[in-house]
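> Chains as they are written, first to last, in my numbering: chain A, 1 to 434; chain B, 435 to 540.
Keep in mind the hints are simulated off the structure, nothing from the lab. Be a bit skeptical, because a hint or two may be false.
To be verified - Listed next, the stretches of chain B that the computed footprint assigns to chain A, with coverage defined by at least 3 CB atoms under 8 angstroms from CB atoms of chain A: (1) 449 to 460; (2) 477 to 485.
Stated by the list, open to error - One-sided and incomplete, this derived list gives chain A residues near chain B with beta-carbon spacing under 7 angstroms: (3) N68; (4) G127; (5) G134; (6) P161; (7) R411.
What the hints assert, rightly or not - Just some of the chain B residues that point at chain A, by a computed CB distance under 7 angstroms: (8) M435; (9) C474; (10) L529.
Predicted, not measured: the structure shown is a model, and the values here were computed from it. Even for Gly, the Cβ is constructed at its ideal location relative to N, Cα and C.
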Amino acid sequence: MENAPETNADQNPEEFYRSPTTTPEADPWALPLEDIDLATGAIFQAQKHHEYFKRLRQENPVHYHDKNPEIGPYWSLTRYEDIMAVDTDFERFSSEPSIALFDELLGEERAPMFIAMDPPRHDEQRGAVLPAVGPVRLKDLDQLIRKRTVEVLDELPTGTPFNWVEKVSIELTTRMLATLFDFPFEERRKLTFWSEIITTPPILMGLTIEDRLNHLGECLQTFTALFKERQFEGNESQDFISLLANNPATADLEGVELLGNLMLLIVGGNDTTRNSMSAGVLFMHENPAEFQKIKDDQSLIPSAVAEIIRYQTPLSYMRRTAKEDVEIRGKQIKKGDKIAMWYASGNRDESFFPDADKFIIDRPNVRRHMAFGFGIHRCMGNRVAEAQLRIVWEEILKRFERLEVVAEPERVEHSFVHGIKALQVIAHPKGNKP
Amino acid sequence: MTRIHVTDASGASHVVEAPNGESLMSALLNAGIDGILADCGGGCACATCHCYIEGDGMDRVGEANSLENLMLDSAAAERRDNSRLSCQIDVTEALEGLKVTVAENA
Ligand code: HEM
Ligand code: FES
Chain A
1 MENAPETNAD QNPEEFYRSP TTTPEADPWA LPLEDIDLAT GAIFQAQKHH
51 EYFKRLRQEN PVHYHDKNPE IGPYWSLTRY EDIMAVDTDF ERFSSEPSIA
101 LFDELLGEER APMFIAMDPP RHDEQRGAVL PAVGPVRLKD LDQLIRKRTV
151 EVLDELPTGT PFNWVEKVSI ELTTRMLATL FDFPFEERRK LTFWSEIITT
201 PPILMGLTIE DRLNHLGECL QTFTALFKER QFEGNESQDF ISLLANNPAT
251 ADLEGVELLG NLMLLIVGGN DTTRNSMSAG VLFMHENPAE FQKIKDDQSL
301 IPSAVAEIIR YQTPLSYMRR TAKEDVEIRG KQIKKGDKIA MWYASGNRDE
351 SFFPDADKFI IDRPNVRRHM AFGFGIHRCM GNRVAEAQLR IVWEEILKRF
401 ERLEVVAEPE RVEHSFVHGI KALQVIAHPK GNKP
Chain B
435 MTRIHVTDAS GASHVVEAPN GESLMSALLN AGIDGILADC GGGCACATCH
485 CYIEGDGMDR VGEANSLENL MLDSAAAERR DNSRLSCQID VTEALEGLKV
535 TVAENA
């Protein structure tokens, strides 16, 4: 496989750099500011990140850390307003070469994807796939998503614990993705697998680097075949592959260039939607009064979905690179410096969201949460994600009295993807009430 | 400042004093105009700042670029010949007295 992106994720997990100072045990309020390394998966896994962010928002909203040998020096923005300003200023803050602090989290440097491109290339390529999530298509998708959601929920065991992540979140998200790609439905789990291959160091999956390249090779081969098949005049299909294959801006993509954008489309909607689906169940379990609100008034579901996404913030940050020297709150940021826009912090900024640490499904300004980013890279799939989540809650309410979480959730050790690996749930079906 | 005559999503009329150099979307959003959601903060990436430009206004506001054209196709409300995304229009003196109607953004 010549064309697969290489990866730098080949370290032994034992050898991953972990900050010696920023640990789950440390006191976020006592550490010297310069020792705070927010790019530490362990504090997210332990749910300690909120306290760090709270302190930085108050004491050091534009924060600098230069002791992480894997990332090098980087700035952190923690206030809503500052994040918004940088996210909407693509002229001074570039998305190239990468949108993660680790330069090649997704291998984007070698497999180019438009989330990590600036205009005009970004606009051309985003423009090509946009119709896949346009309003006309969304209407059709709505019905399909509902049908598939119903199938999954109807098969759930009742009265005994099961892993919600595996049985519902992964399954539904995979079905949604298969639909967007018009991917052979029976083989849909390949999409989940490839997504995992892309985002996970191989050793954590029990694979060698070579295995990984082979799998990515198979991914590219499978998609290239579909791409060729669907490349013909008059193909009006609105799936991602047909759109890429027939738009002049992307029709000639091949090899890594094609793989890059496929990877973005596979990964972009996968963990994010999945983790929102799992987190929502946890939040409703922890906040029964909020759950009662949507039971009493289903028209609150869209607002509840937005609040779930705010409260979870499935992607903790996006990175930008300064294209020129800039000053933010008196700090001198130099051309070429890395900047992390911590959505996870902006979404808990008390000056924008009153009682930001509370889960309140009908907060008035919830629509202005930052979890989808702002500006030209604003999430392209937010409408689909919101539709999938709205439908899942509508169908849950038809079937279940409540979903009871019966064990501590297992979380991911990651500072970029904020996720839940396992969530043990007992589904309590509705009684004979109408 | 440039005066813009706005009919909001619920049909009410307003006159907005829009600062020159800002986008029309920011002026409408800051004036609290009903129907301007501007989810993406002006990135031409959400189409929830969609407006209809009335009268001879289309000649004054300039042309939509290709990405805006695509976004207009994916707007929630009907696209018309006089559809524009207000975040892609810069306020200048040349827009004095412009009349716009806010689309039913969702
Ligand atoms: C709750 C679910 C989701 C969350 C929280 C989320 C979050 C994000 C964020 C934060 C960005 C970057 C914004 C920025 O840089 O300003 C983004 C971009 C993107 N997302 Fe999502 N996303 C979700 C679901 C989806 C889905 C379902 C899809 C596709 C099917 C998708 C496809 C994309 C794409 C293609 C981009 C790149 C856009 C660009 O660079 O122009 N996302 N998303
Ligand atoms: S504000 Fe999003 S397109 Fe104008």
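> Next step is simple, just say for each hint if it's right about the structure.
Consistency of the hints with the structure:
no., hint, result
1, 449 to 460, "violated (count 0)"
2, 477 to 485, "holds (count 4)"
3, N68, "30 angstroms, violated"
4, G127, "5 angstroms, holds"
5, G134, "4 angstroms, holds"
6, P161, "38 angstroms, violated"
7, R411, "29 angstroms, violated"
8, M435, "23 angstroms, violated"
9, C474, "4 angstroms, holds"
10, L529, "22 angstroms, violated"
Hints 1, 3, 6, 7, 8 and 10, counting from the list given before, are not met by this structure.
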